[in-house]
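Starting from the given sequences, assemble the full structure and let the hints guide the process.
Taking the working numbering, the leading residue of the sequence shown gets 4, the next gets one more, and so forth.
These are calculated hints, taken from the structure and not from any lab test.
Quick caveat: nothing in here was measured; it's all calculated off a predicted structure.
Do not rely on the hints blindly, as some may be mistaken.
Pairwise CB distance ranges (calculated) [what the hints assert, rightly or not]: (1) LEU30 / LYS61: 36 to 42 Å; (2) GLU45 / PRO7: 14 to 20 Å; (3) GLY47 / SER14: 21 to 27 Å; (4) SER5 / GLY55: 31 to 37 Å; (5) LYS57 / LEU9: 22 to 28 Å; (6) LYS11 / GLU45: 38 to 44 Å; (7) LEU20 / LEU42: 17 to 23 Å; (8) TYR44 / LEU19: 21 to 27 Å.
Note that beta-carbon positions come from the ideal geometry of N, C-alpha and C, so glycine has one too.
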Amino acid sequence: MSDPYLYKEGSVLRNLLNIRDEMKLELAEAELSRANMMLLYELGFDDFSTQGIKTIHKVLFEDVYD
Numbered sequence: 004m005s006d007p008y009l010y011k012e013g014s015v016l017r018n019l020l021n022i023r024d025e026m027k028l029e030l031a032e033a034e035l036s037r038a039n040m041m042l043l044y045e046l047g048f049d050d051f052s053t054q055g056i057k058t059i060h061k062v063l064f065e066d067v068y069d
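Here it is as structure tokens:
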């Protein structure tokens, strides 16, 4: 059974950028999540409750993953 979170061609996670090369996806994820991390920092985000952690995760990766 194939993994619905991966592209059929291999082990790369499905992503909004349609990148199918693992190294390119890692670089794009790092660059975009770093930019979003700076945004959270600049906004002074300091909610580390369960809901806050979910929000951090969403903001960090929303430009790369659905």
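Hint check:
1. LEU30 / LYS61: 36 to 42 Å: violated (21 Å)
2. GLU45 / PRO7: 14 to 20 Å: Violated, at about 35 Å.
3. GLY47 / SER14: 21 to 27 Å: violated (38 Å)
4. SER5 / GLY55: 31 to 37 Å: Roughly 34 Å apart at Cβ, these two residues keep to the hinted range, so it holds.
5. LYS57 / LEU9: 22 to 28 Å: holds (23 Å)
6. LYS11 / GLU45: 38 to 44 Å: holds (39 Å)
7. LEU20 / LEU42: 17 to 23 Å: holds (18 Å)
8. TYR44 / LEU19: 21 to 27 Å: Holds: the Cβ-Cβ distance is about 23 Å, inside 21 to 27 Å.
Hints 1, 2 and 3 from the list above are not met by this structure, while the remaining hints are.
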